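Respectively, the protein sequence lines represent chains A and B. Counting from 1, position 82 in the first sequence corresponds to residue 82 in my numbering; the numbering is continuous, with no gaps. Counting from 1, position 86 in the second sequence corresponds to residue 1086 in my numbering; the numbering is continuous, with no gaps.
Just so you know, these hints were derived from the structure itself, not from any lab. This one's a predicted model, so the numbers in the text were calculated from it and none came from an experiment. Please note that a few of the clues may not be correct.
[As the list claims (entries may be wrong)] Computed footprint of chain A on chain B, listed as stretches where at least three residues anywhere in the stretch have a Cβ under 8 Å from a Cβ of chain A: (1) 1040-1052; (2) 1070-1084.
[As the list claims (entries may be wrong)] Derived SDA-like pairs (lysine to any residue); straight-line CA-CA distance at most 20 Å: (3) 1042(B) to 41(A); (4) 1042(B) to 86(A); (5) 1057(B) to 101(A); (6) 57(A) to 1027(B); (7) 1042(B) to 112(A); (8) 102(A) to 1048(B); (9) 1058(B) to 100(A); (10) 1042(B) to 40(A); (11) 1022(B) to 1038(B); (12) 1042(B) to 11(A); (13) 102(A) to 1065(B); (14) 1068(B) to 40(A).
[As the list claims (entries may be wrong)] Residues of chain A clear of chain B, computed beta-carbon distances all greater than 10 Å: (15) 4; (16) 7; (17) 16; (18) 18; (19) 100; (20) 102.
Virtual Cβ for every residue (Gly too), placed ideally from N, Cα, C.
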Amino acid sequence: KAGVTQTPRYLIKTRGQQVTLSCSPISGHRSVSWYQQTPGQGLQFLFEYFSETQRNKGNFPGRFSGRQFSNSRSEMNVSTLELGDSALYLCASSLQSTLGEKLFFGSGTQLSVL
Amino acid sequence: GENVEQHPSTLSVQEGDSAVIKCTYSDSASNYFPWYKQELGKRPQLIIDIRSNVGEKKDQRIAVTLNKTAKHFSLHITETQPEDSAVYFCAASEGGGSYIPTFGRGTSLIVHP
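Make the full structure from the sequences, and use the hints.
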């Protein structure tokens, strides 16, 4: 079974631009969640999608948005990039995101904003 | 919302020593506590988890303990090996509506051969 796939692996953008990241979950997984990882800040939750609906949202500004398609693939968009958006963006998939369910992470997209 | 504090941020041990990482959580409704390991340049992977109806769980050289009254849980690694070197994240999930785990900031464990 293929794991969680994130593309692209690396991205370099300049301030003010926008970016779209993609995440393909494990086949059969319906929940996709997104996390921002920065040194010393751990994994900060952005949002979670289940069956094409945003089910949970973290404390990030509206510049961060996402969506999920009927095949469970998800995209995350960041508009008007700021220097502080430089981070590793991880997505994770699970069957339904119920309590006690293991998250399967992708390798992440390393975003650098110059 | 839930808040998870994790200590220490960095832990350096000699091969063969034990390592302990501690986490506290704020929401008494949390009842699922997973631990993820992230090796350098790799994705986080679940290594062990515990539910609130259990006080301790072991899997070979790793164990997790939970004290619900004090709202803290710990990861114990015995007989550490260089391949245990990684960043470890604890997390807590609320049972009441959001199953999304809240993660601690991570502990960088360095095992010196």
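Quiz prompt | Those earlier numbered hints the structure runs against, lowest number first | solution = 2, 14, 15, 19 and 20
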